[in-house]
Every structure is written in C-alpha cells, then in structure tokens.
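2 protein chains.
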Amino acid sequence: MTVRRTRDVLADGRELFYFDDTEPFVSGAATRVVPDTRPLGPAGVAGERRRDPLTGDWVVLAAHRMDRTFLPPADECPLCPSGRGSVPSEVPSAEYDVVVFENRFPSLSTRVPDDVPALVDGEALWPSAAADGRCEVVCFTSDHDGTFGNLTPTRARTVIDAWADRTADLSALTGVAQVFCFENRGAEIGVTLAHPHGQIYAYPFVAPRTERLLQLAAGHRAGGGGDLVGDVLAAERRAGARVVLAGEHWTAYVPAAARWPVEVHLTPHRHVPDLAALDDAERDELAVVYLELVRRLDRFHGDPSAPVRLPYVAGWHQAPVGQGRDLVRLQLQVTSVLRAPGKLKYLAGSESGMGAFINDTTPERIAARLREVAA
Amino acid sequence: MTVRRTRDVLADGRELFYFDDTEPFVSGAATRVVPDTRPLGPAGVAGERRRDPLTGDWVVLAAHRMDRTFLPPADECPLCPSGRGSVPSEVPSAEYDVVVFENRFPSLSTRVPDDVPALVDGEALWPSAAADGRCEVVCFTSDHDGTFGNLTPTRARTVIDAWADRTADLSALTGVAQVFCFENRGAEIGVTLAHPHGQIYAYPFVAPRTERLLQLAAGHRAGGGGDLVGDVLAAERRAGARVVLAGEHWTAYVPAAARWPVEVHLTPHRHVPDLAALDDAERDELAVVYLELVRRLDRFHGDPSAPVRLPYVAGWHQAPVGQGRDLVRLQLQVTSVLRAPGKLKYLAGSESGMGAFINDTTPERIAARLREVAA
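Residue numbers (my numbering), protein chains in the order written: chain A, 1 to 375; chain V, 1001 to 1375.
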C-alpha cells in the first residue's frame, strides 16, 4: 500500500496534511477547491501553563477556547470537504481520504506570546510558561456520518500511518516532550463536532500519567523486572481471564485493575516506544484488530443486530520524546463512562477529589462481555 | 452550643448517629418511631480492591453497588425522617437535625469476606485485598428540599461537628488510612438522591492525590520550606489576586493553577491536620465562611436574584491517619464542571487518559467573579 502525503497551508498559516491511500489520489492539486482564502483571524496563540504545587502537574489555561465551534449544523461542518456544505470548511479540497491539520482553537500552540512570566505573581511555588506545543485534528474519513468502526481496513491503516507520521514530525519539534494521539467519541463526553475525527496533542511536558509510569517502570526494572507494560502484557496472557482477543502482534485485554465500567488495553507484543516505530506487519494487523475491537464496543450494551453507540476515549500512550524510550511501551487505552444504556459513570468526590476510583463492575465481567460479542 | 450525639443501630446492624443541636433535642428516644425492623438483607459486604501496576493506585471494585437506589420519588426518599414518606426510610426517627449512618450500598466496608486472594491470578504485579474501610452518609437537614447553603450557621456548625466526630472515630478504626468528608451535589455529576447530604469515605489506603501531596510536601520541607499547603496559602494571601474572602481563621482563594472552570480552596490559617483538630473559634467561623462561599457559588453563573444551582464536589483533604500529620494541612477543595449554564466541562482524552488538564478560563477570572457576587 502506498500512502501519499500532501502538505497544504490554510488561510491563517496553519499546516494541513492529506493522506491519500488509493490511486488516483483524491486530494491535493487535482481536487483542491481554491487556495483557502477564508477571512480567518490570526491562528490561535498559546495561552499559559502553570504548575500546581500540590500535585506537581502542569495545568493548561486556554481561555480563548471558550469561543470554539460548538455542535454546528451538519451543513456547516468544518471537517467535511469544502464545497459540500453551505460554508467553506477547514479542508480546502473536494474530497479526501484522511486529513490532519492544526486545530483552529488549540490548547497548545507553537505561536507563543512573549509576555508569559516564568512565575505567577513572582512566587517560586508557581512556575509558569507559555502553553507551547501543538494540537492537530485527524479526520478519519470524509463521510460525515461514518465512524472509525465503519472504516475499511485499508482506510484504518491509513489513519495509523497518519498517526505515525504526525508522531514522528511532532516529536521533532523543539520543546515537545510527548505526543498523544486520541479519539474522543460521543456527546456524552463533550465532543462538539459529530464528524468522525480524533486529535493529537504535542505536549511541552511529560503528561502526569506518564510521569508516574516512568517512576514505576524504572522501579520495576531496578527490581529485576523487564519493561513494565510488557511484563503486564505477559501476565495478562498467562492469566487469560481478561484477554479479549489476540493476534500475532497484538493482544487486547481488560486490565486487572480496570477503573472504568468499560476499559480495554491493546498492546503490541514487541517493545516499541511509539506508533512511528511500528513495522508494516504490526500496522496491518493493528488495523484489523482495532476495527474488531471498536465494533465490539458498540455491542457491549447492545447486540450485533442492535448496537448501542458507545461513547469512549481511545488514547495512545506513547513514550516521551527524549526519555524512557526503553521503559514505556506503546499502548492503546480505550475507556467508556457508559455503565448501562442511559447511565453514566461520573467522576465525583472520590475520583475527582482524591484520585481513588470506584468501579461498579469487575474486569472479568467486562472481558467476558467483550468476548461474548465477537463477530 | 451543645451538640448531643445519640447512637442507634439499623435493622441490618449498621450504625447511625444523631447530632442534635437544639434543646429539647428532636431525635433519639423521644421521637424514635420504632426500632428499625425493615426486612433488610445483610449489610453490604466489602468488595475487592486491586493495585494498578501502571499508576500504583488502588482501584476499588464494588460490583454489588450496581443495585443501589437511583433517583427515587420524593415520597420514598431514604434520607427523610421515617414516617414522612410512604415507606420507612433509613432514619428511624420522626425528626432530626443532622444524622450520619453507614451507607447501605458501600464501596468500602468493615464487613470483610475472607476469600479475597492477596494477588490477582497469583501474579506479583497485581496486589489485591478486600475493599475494607467504611462509607457513611451525612444528612445535613431533614428538609428534603433544602441545600447546604440554606442551613443556619448553627446547623452548618453542627454538620462541622459531625464531620469532626466521624473523622476522629473512623481514624481510630483498624486499617483505616485516611478519612475523606465530601459533598457531591447535582444530577450533573451523578448524584442519585436529591435530599441534601454528603458522604464520608474511610479509605484503607492513602488516596492517590494525598500520596503525591505527601511526596511534594516532604520535598518542599527538605528544601527549606514550611508546610506546603500553608506556604501556598501565604503566597495566595501575598498575591491577593485570587483571594475570594478572608476571615480571622480562614481564607478562600482560587488556586493559581485551578484545573476546573470553577474551583476554590478554603484553608485554615493554623496548621491542623484534620477537621477533628479544629478549635471552637475555627469551627464557628468556618460555618459562616463556608455558607457564604456556597451561596456565592450559586450566583457564579447567575446573580443574587436569579441563582443558578451549581453542581459541585466539595471535598475535605485531610492528613492521613498515621503519617504526614505535620506535612498535610486540612483544606477544602470545591470544584464544579459547569463552565456555563447548560455547558459542562468533560474529562476527555487529555484529562482522563493523560492526567493533563486544560482549563478554558483563568483562575483570576474565576476569583473576580466570586468576589463580584458577594452578598
């Protein structure tokens, strides 16, 4: 399979990349509507980030995002190809396979103001910096009403290549410490655009969850263990009770200490730090395995003939850019807040205040259900 | 003020405590309907907890809670005094001021099964134990339609005394590592009972957020600092920009790295590890200050004449039972997911997957609004 990448630039200077997987390639020059000449204001500038002294975590302040597009009507969808709706979209082409572009309302941006002080109010307890980094949008298909689960394996494979490409590019940007590719799906978790898409955040810091994983993985290795995620994978494969599906290169399982009413991890058998490091065979199998997994998720609360569209967060945990490459293995984590049709799991006092999760089910039940709904 | 505590026992053996603040005391023997003789099944037994090897956190599995009471009609409210509705409630008295009892559907319980293995599937990576501890419910008032903000200062002070009493008692239970008093308010965050109430969790482990705070506070002191929370309070008082209100014993401020669209911390000026350690003057002022604060929260998105009931989590961070008593200062954290009327902040990919919070506002704006809506 050949994927052709074509770069374009939007009216406000943001970058866009088409990933076309089928000849004759649909996007790029041949189908380009016009250069994007929308009268956009300047591209989003970085806000501020501040370190919370009580948790050690960086918190991003992005007050400008209050104005972002919120559930537009379908004929004003900014992610459809231009020319299809009543207004020009973010994609100046009449068709595309997969497209990635810089978010117009970014939480993190390479466009950095020069007036962010190094400390809030001059206090050493509060380090501060520009919210530098980059946020990109990944459109999985030009079909407004599609879903990731309805992609062909070829198209899913193109999405994987796009993630890998962007991970490599963004990792090379000055100041980027970690790249996170993810999909939020469902109005239940606040998704404001219905068009099937994911996002990529290039963080200027190692994310809190990964910071903790680095500590634990280093301790595990110092204690004579292997790479921690790989050892957990091996234990799940030995135990078997929570394995959902297994291929030659990937295994999906519900983690032994699952904290969400639906949670599944998908882990490669080989130690790779990120998506860019996957070889062709691993990418090919991933496309098939991932599609099977998300299709089963829609049957979790329904059945094959009457699926219940599951809201979920699917996030790729990748090793940080410059450290822990041999400690942190690539891993997909899919979680859902839907504990029953119409009933959500909320993060209330124990979870949001104290970080102590209560799960009203067991990992073994989740896994049994995900095996039961195999095609 | 004299608060009389009276102990009772429910039909399934659970403990209940009345806290009466006004003579002649309304609850207890005089107004007791009957001994509670509801045909309840056995009191809730502890589920299991497992340690997540990738985060180090204990996760509680409470599959039996799936059956808990979910938004009952008002005349079947289990938190109203018995005799008021169509079925006997959890409170076998015709009236009460403040009452606390063991949760009928507990996430954590002192009633511990003896068949929980020490490891999941015999794997050293997955420590396991019974979800021991205790969960209690705190009814702030017998008025089904009331709110904490509508309590008199006397009644609010009684709630504070009840929290302090329960913190002391639960801290003395074998195996309890930390006590967390909190109020979840609003259907938006999953509250399943409308009657004004809070909860208390007595955890068998130090909660993840506090574990992290202990590390940071120890590092801060080792580096020549004082107690970390106290030093943050001093910095907020020096800066002033985020201070919401200040009394003789307490200051409320929006933290410099607030991660929620509405967030405020309320911290005592004296170093105390928990609610039980507050003296009378501190408790008296707390009642007044806390009431003022929650009343302002309802004006955050509205105004004094047309308040918008704010969903919130109000949680008391207390020092663990047996450690860090001089490192962790008592602190109330109130947060809300309501970023505008009808618009919620969701924890999506960045927050729930990576622990990296994006806040679409600034702490200074939140504080300015909370000052603006002073009575």
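No lab work stands behind these hints: they were computed from the structure.
Beta carbons: idealized from backbone N, C-alpha and C, even for Gly.
The reader is advised that the hints may include incorrect statements.
Facing chain A, a subset of chain V residues (Cβ under 7 Å, in silico) [as the list claims (entries may be wrong)]:
{"no.": "1", "residue": "Gly-1085"}
{"no.": "2", "residue": "Arg-1111"}
{"no.": "3", "residue": "Pro-1113"}
{"no.": "4", "residue": "Leu-1119"}
{"no.": "5", "residue": "Glu-1123"}
{"no.": "6", "residue": "Trp-1126"}
{"no.": "7", "residue": "His-1144"}
{"no.": "8", "residue": "Thr-1174"}
{"no.": "9", "residue": "Phe-1182"}
{"no.": "10", "residue": "Gly-1186"}
{"no.": "11", "residue": "Ile-1189"}
{"no.": "12", "residue": "Thr-1192"}
{"no.": "13", "residue": "Pro-1208"}
{"no.": "14", "residue": "Ala-1257"}
{"no.": "15", "residue": "Arg-1259"}
{"no.": "16", "residue": "Ser-1350"}
Structure-based check of all given hints:
Checking Gly-1085 (chain V) against chain A: minimum C-beta separation of about 24 Å lies over 7 Å; hint violated. Nearest Cβ of chain A to the Cβ of Arg-1111 (chain V): about 17 Å, over the 7 Å cut. The hint is violated. Below 7 Å, beta-carbon pairs count as interface contacts, and Pro-1113 (chain V) has none with chain A, the closest being about 14 Å; its hint is therefore violated. Taken as an interface hint, Leu-1119 (chain V) does not check out: its beta carbon lies about 10 Å from the nearest beta carbon of chain A, beyond 7 Å.
Because the closest C-beta pair between Glu-1123 (chain V) and chain A is about 5 Å apart, less than 7 Å, the hint holds. With 7 Å as the threshold, the beta carbon of Trp-1126 (chain V) comes within range of chain A, its nearest partner Cβ sitting at about 5 Å, so the hint holds. The restraint placing His-1144 (chain V) at the interface with chain A is violated, with a minimum CB-CB distance near 21 Å, outside the 7 Å limit. Because the closest C-beta pair between Thr-1174 (chain V) and chain A is about 19 Å apart, greater than 7 Å, the hint is violated.
The beta carbon of Phe-1182 (chain V) is positioned within 7 Å of a beta carbon in chain A (closest approach about 4 Å), and the interface hint is therefore held. A hinted interface residue such as Gly-1186 (chain V) counts as satisfied when its beta carbon comes closer than 7 Å to some beta carbon of chain A; here the least separation is about 10 Å, so the hint is violated. Given hint, Ile-1189 (chain V) at the interface with chain A, holds; its Cβ is 5 Å from that chain's nearest Cβ, closer than 7 Å. Proximity of Thr-1192 (chain V) to chain A is violated relative to the hint, the smallest CB-CB distance being about 10 Å (cut-off 7 Å).
A hinted interface residue such as Pro-1208 (chain V) counts as satisfied when its beta carbon comes closer than 7 Å to some beta carbon of chain A; here the least separation is about 3 Å, so the hint holds. Because the closest C-beta pair between Ala-1257 (chain V) and chain A is about 4 Å apart, less than 7 Å, the hint holds. The interface hint given for Arg-1259 (chain V) holds, since its Cβ lies 5 Å from the closest Cβ of chain A, which is under the 7 Å cut-off. At about 6 Å, the closest approach between the beta carbon of Ser-1350 (chain V) and any beta carbon in chain A falls short of 7 Å, and the interface hint on this residue holds.
Violated hints, listed in ascending order, are 1, 2, 3, 4, 7, 8, 10, 12; each of the other numbered hints is respected by the structure.
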